[in-house]
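**Student:** Each chain, letter by letter, is given below.
Number of protein chains: 2
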Amino acid sequence: MKNVQKRFFLSEEELPKQWYNIMADMPNKPLPPLHPKTREPLKVEDLGEIFCQECSRQELDQTHAWIDIPDEVLDHYRSYRSTPLVRATGLERALGTPAHIYFKNEAVSPVGSHKLNSALPQAYYCKQEGVTNITTETGAGQWGTAVAYAAQVFGLEAAVYQVKISYKQKPYRCSMMQLYGAQVIPSPSMSTRAGKDILTRDPNNQGSLGTAISEAIELAQSTPNCKYVLGSVLNHVALHQTIIGLEAERQMALAGEYPDVVIGCFGGGSNFGGISFPFMRHNILDGKQTRFVAAEPALCPKLTRGRFEYDFGDVAGYTPLLPMYTLGHDFMPANIHAGGLRYHGAGMIVSQLLKDGMMEAVDIKQLESFEAGVLFAKAEGIVPAPESCHAIAAAIAEAKECIATGEERVILFNLSGHGLIDMSTYDNYLAGNLGNFEYTM
Amino acid sequence: MKNVQKRFFLSEEELPKQWYNIMADMPNKPLPPLHPKTREPLKVEDLGEIFCQECSRQELDQTHAWIDIPDEVLDHYRSYRSTPLVRATGLERALGTPAHIYFKNEAVSPVGSHKLNSALPQAYYCKQEGVTNITTETGAGQWGTAVAYAAQVFGLEAAVYQVKISYKQKPYRCSMMQLYGAQVIPSPSMSTRAGKDILTRDPNNQGSLGTAISEAIELAQSTPNCKYVLGSVLNHVALHQTIIGLEAERQMALAGEYPDVVIGCFGGGSNFGGISFPFMRHNILDGKQTRFVAAEPALCPKLTRGRFEYDFGDVAGYTPLLPMYTLGHDFMPANIHAGGLRYHGAGMIVSQLLKDGMMEAVDIKQLESFEAGVLFAKAEGIVPAPESCHAIAAAIAEAKECIATGEERVILFNLSGHGLIDMSTYDNYLAGNLGNFEYTM
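Keeping their order, the protein sequence lines are chains A and Y. Read in order, the letters of the first sequence are residues 1 to 441 in our numbering. Read in order, the letters of the second sequence are residues 1 to 441 in our numbering.
Check each hint, because a few of them may be wrong.
Sample of chain A residues facing chain Y (criterion: CB under 8 Å; computed from the structure) [to be verified]:
#1 12
#2 32
#3 66
#4 149
#5 179
#6 180
#7 183
#8 358
#9 362
Derived DSS-like pairs (lysine-lysine); straight-line CA-CA distance at most 30 Å [stated by the list, open to error]:
#10 17/Y <-> 29/Y
#11 17/A <-> 378/Y
#12 365/Y <-> 378/A
#13 29/Y <-> 378/A
#14 127/A <-> 17/A
#15 127/Y <-> 378/A
#16 400/A <-> 355/A
#17 127/Y <-> 168/A
#18 288/A <-> 43/A
#19 43/A <-> 127/A
#20 288/A <-> 17/A
#21 37/A <-> 17/A
#22 378/Y <-> 365/Y
#23 400/A <-> 288/A
#24 127/A <-> 378/Y
#25 400/A <-> 37/A
#26 196/Y <-> 168/A
#27 378/A <-> 168/A
#28 43/A <-> 17/A
#29 17/Y <-> 127/Y
#30 365/A <-> 355/A
Note that these hints are calculated values from the structure, not bench results. For each residue, glycine too, the CB sits at the ideal point set by N, CA and C.
Using the sequences and the accompanying hints, generate a full structural model.
**Tutor:** Next comes the structure, spelled out in structure tokens:
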């Protein structure tokens, strides 16, 4: 294995110039999102009340398979992309598996995760449309960090509602956002009606992504020239993230391989969709039979145990009704450390794909995820984000299956981010202070 | 500037296969290190009591300009090298300078800094020679993290003495070392005579690199099959770090440029030597006139205010006597946050080069360093280590000189590591809680 090439890059000229919109190729399109009040299918204008115009258009575009990446966005992509595709030889050796394990290392982005891939275009479009302020929520802090930096890049002001439990667990995420110049508010806060409603009922409420989204939307709606930006779940976010899979496809070709299985951890679907959709297009169009596995936390199991139905994206019911696998928009997740996966619903596209049997989902227990993360850190040196540990655990499970059979299965997973801001969580894990808990409806 | 190429990589085939030993080409060789007891010039056997044999040989080799990198080390280098050479277009824009600023991004190493470049070969040689345990000290924690990971890679046990003030300021560095499987002891400790001597005199002593080195050497000397490894100052460490400059030279050629000035932050000299020596060889051999600037903290100014004399490398006087610029081996540095630069002496090679006028040194105040770091983070996205902020400050000063003159000076600096483990320090800076202090002898 010594002479196996370890890392694969693309030159700046080889970088993809378009994102891939899988909706154009899906055999069954997602059902339309509905207006939260009228319950009529949503129009671009409706979305445009909250989001910038271009993202609103992209959100509902089921026609165009390829969307041009604006030059200014490409210019900023070039400062960290292509991210490396890495052959995980250390992990293969540690497992003693004949499988070929590859990972796409999105942790090398300046903000430490894949989230910048969508924060940059969203901030760019806002700037183009004359928006001056953007607001958002963040769970683990990765999306908020990306928004803070992207806002700084394009000269916008950013206000970020950070889920309170994450604000406490990961104070340095807040530090990073402030370093880039953003304002950070722990959520639920008393600054919005949605936040007040919760805090007056439950003063010790530790927050959820659903609540933080409500707060950010309320701020956007009540502030002139302010738009809301979202880091996952929605179609246009997954669209921007397809840069991951499009690069990976070209890099896998450099490695002379094609994945048998593609794996991403799963919160709302943006990093999973980002790595999967470009490969799934070859299942749809070219008869490939790659498997796609979404790895979600056992404590927030919307794909494996949720219901497929119309539901709100937030606690207060400000968002459109989305056709999705959901645990219910008032679901309050346990305080697991994978804050980015602590969301009640799955994106519309992924929900439809799962319903149609075009992908699979597995649930990973908290301790299993950290065990996988520590093994990976020792084998590859990189400390993974708690979210990414779920993808690693699923990849390890696939690789272990190959030990008995001798199959040289080609496994590709997305390392969505690093865990350097989460070292206290690893401390707790190594000290035996983390539990598995049980999911209850 | 939009279409300027931003990042430059080497393929695995293009990676350097040898390190560069500048001692072979120096017009005036460094004076010999002396045995701490006999005061006679040191022999390889003397060094071999503390260090592994191969590093002892490399330390005293003034003959061979090129040293082969072992295949096993190259194999592990390939998991993160080449590191990117980056054109800092964001920083150039922010400054409005006509200068061309490049940085070598060593922060992408799995452990977050350049330190792994020497930890890997040192651990490898120890393994080859049948050593089972290695021990070292660490200031900011970057070297300790690298040793912990390198030990894990080659199946060695590692014990790391971490300077107590850093242990407190940067608890997550300790977490990383433990995650990789190392034992971490805050220094001064009661586990060695050197530590006890200090703690009985001064119970609240917050430690220094000089003290931690004494403790680690004492452990190595009193433990069978245990060797000491060092992360800076010594010749063989700078030798291993020349991989940085050798790559940078080839990458600058890809960019079609050659540096007018090369800058590194300065603690003991390993990252500075690593980026500088390969370019300095062209000053010595080919008549190039590149300037070399070591950026040290104003509070630990051995190059700008120290004396050139024989001194010990540690507090207790266990190390050889080295001919170097020093503030005295009992110098207790102020608790500045650039822990990696808090060392009383400069490496022998750099000391000789400075004495001979072949390089320059500047001192950077603490607030100036963080101001530079925050500007860099906003412009390039990457949060730099407090140590690296000194190099950035020096690079910015060079770039500002060009604004008036219009000179397109080509500036290259080494980004030795990221600051993601140091966010509490940035919090303190942003809150106005960091001072400048004054250096006093």
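**Student:** Now tell me if each hint is right for this structure.
**Tutor:** Quick rundown of the hints versus the structure:
1. The interface hint given for residue 12/A is met, as the beta carbon of that residue sits about 6 Å from the closest beta carbon of chain Y, less than 8 Å.
2. With a cut of 8 Å, the hint placing residue 32/A at the interface with chain Y is violated, because the nearest CB-to-CB distance is about 37 Å.
3. For residue 66/A, the interface hint is violated, the least distance from its beta-carbon to any beta-carbon of chain Y being 23 Å, above 8 Å.
4. About 5 Å separates the beta-carbon of residue 149/A from the nearest beta-carbon of chain Y, less than 8 Å, and the hint is met.
5. Satisfaction of the interface hint for residue 179/A is found here, the shortest Cβ-Cβ separation to chain Y being roughly 6 Å, below the 8 Å cut-off.
6. Against a cut-off of 8 Å between C-beta atoms, the interface hint on residue 180/A holds, since the closest Cβ of chain Y lies about 6 Å away.
7. Interface hint status for residue 183/A: violated, as the beta-carbon distance to the closest one in chain Y is roughly 13 Å, over 8 Å.
8. Violation of the interface hint for residue 358/A is found here, the shortest Cβ-Cβ separation to chain Y being roughly 34 Å, above the 8 Å cut-off.
9. The criterion of a C-beta within 8 Å of any C-beta in chain Y is not met by residue 362/A, whose closest approach is roughly 25 Å, and the hint is violated.
10. With a C-alpha separation of about 25 Å, the suggested pair residue 17/Y and residue 29/Y falls inside the 30 Å cut-off, and the hint holds.
11. Distance hint between residue 17/A and residue 378/Y is fulfilled; the C-alpha atoms sit about 26 Å from each other, no more than 30 Å.
12. About 37 Å separates the Cα atoms of residue 365/Y and residue 378/A, which puts this hinted pair outside 30 Å; it is violated.
13. For the hint pairing residue 29/Y with residue 378/A, the CA-to-CA distance comes to about 41 Å; that exceeds 30 Å, so the pair is violated.
14. With a CA separation close to 21 Å, the supplied pair residue 127/A and residue 17/A stays within the 30 Å bound.
15. Restraint check for residue 127/Y and residue 378/A: satisfied, since their Cα atoms lie roughly 18 Å apart, inside the 30 Å limit.
16. Proximity of residue 400/A to residue 355/A is assessed by CA-CA distance (about 27 Å); at most 30 Å being required, the pair is judged to hold.
17. For the suggested pair residue 127/Y and residue 168/A, the alpha carbons sit about 42 Å apart, so the restraint of at most 30 Å is broken.
18. Only pairs whose Cα atoms come within 30 Å are accepted, and residue 288/A paired with residue 43/A is rejected, the gap being roughly 35 Å.
19. With a C-alpha separation of about 22 Å, the suggested pairing of residue 43/A with residue 127/A holds against the 30 Å cut-off.
20. With a C-alpha separation of about 24 Å, the suggested pair residue 288/A and residue 17/A falls inside the 30 Å cut-off, and the hint holds.
21. A hinted pair counts as satisfied when its Cα atoms are at most 30 Å apart, and residue 37/A with residue 17/A does not qualify at roughly 38 Å.
22. As the CA atoms of residue 378/Y and residue 365/Y are separated by approximately 20 Å, the hinted pair is consistent with the 30 Å bound.
23. Using a Cα cut-off of 30 Å, the hinted pair residue 400/A and residue 288/A holds, with the two alpha carbons roughly 23 Å apart.
24. Restraint check: the Cα-Cα separation between residue 127/A and residue 378/Y comes to about 18 Å, which is no more than 30 Å; the hinted pair holds.
25. For the hint pairing residue 400/A with residue 37/A, the CA-to-CA distance comes to about 49 Å; that exceeds 30 Å, so the pair is violated.
26. With a C-alpha separation of about 38 Å, the suggested pair residue 196/Y and residue 168/A falls outside the 30 Å cut-off, and the hint is violated.
27. A C-alpha spacing of about 27 Å is found between residue 378/A and residue 168/A, which places the hinted pair at or below 30 Å, so the restraint holds.
28. For the hint linking residue 43/A to residue 17/A, the alpha-carbon distance of about 28 Å falls within 30 Å, and the restraint holds.
29. Proximity of residue 17/Y to residue 127/Y is assessed by CA-CA distance (about 21 Å); at most 30 Å being required, the pair is judged to hold.
30. Pair hint residue 365/A plus residue 355/A holds up; C-alpha atoms about 23 Å apart against a cutoff of 30 Å.
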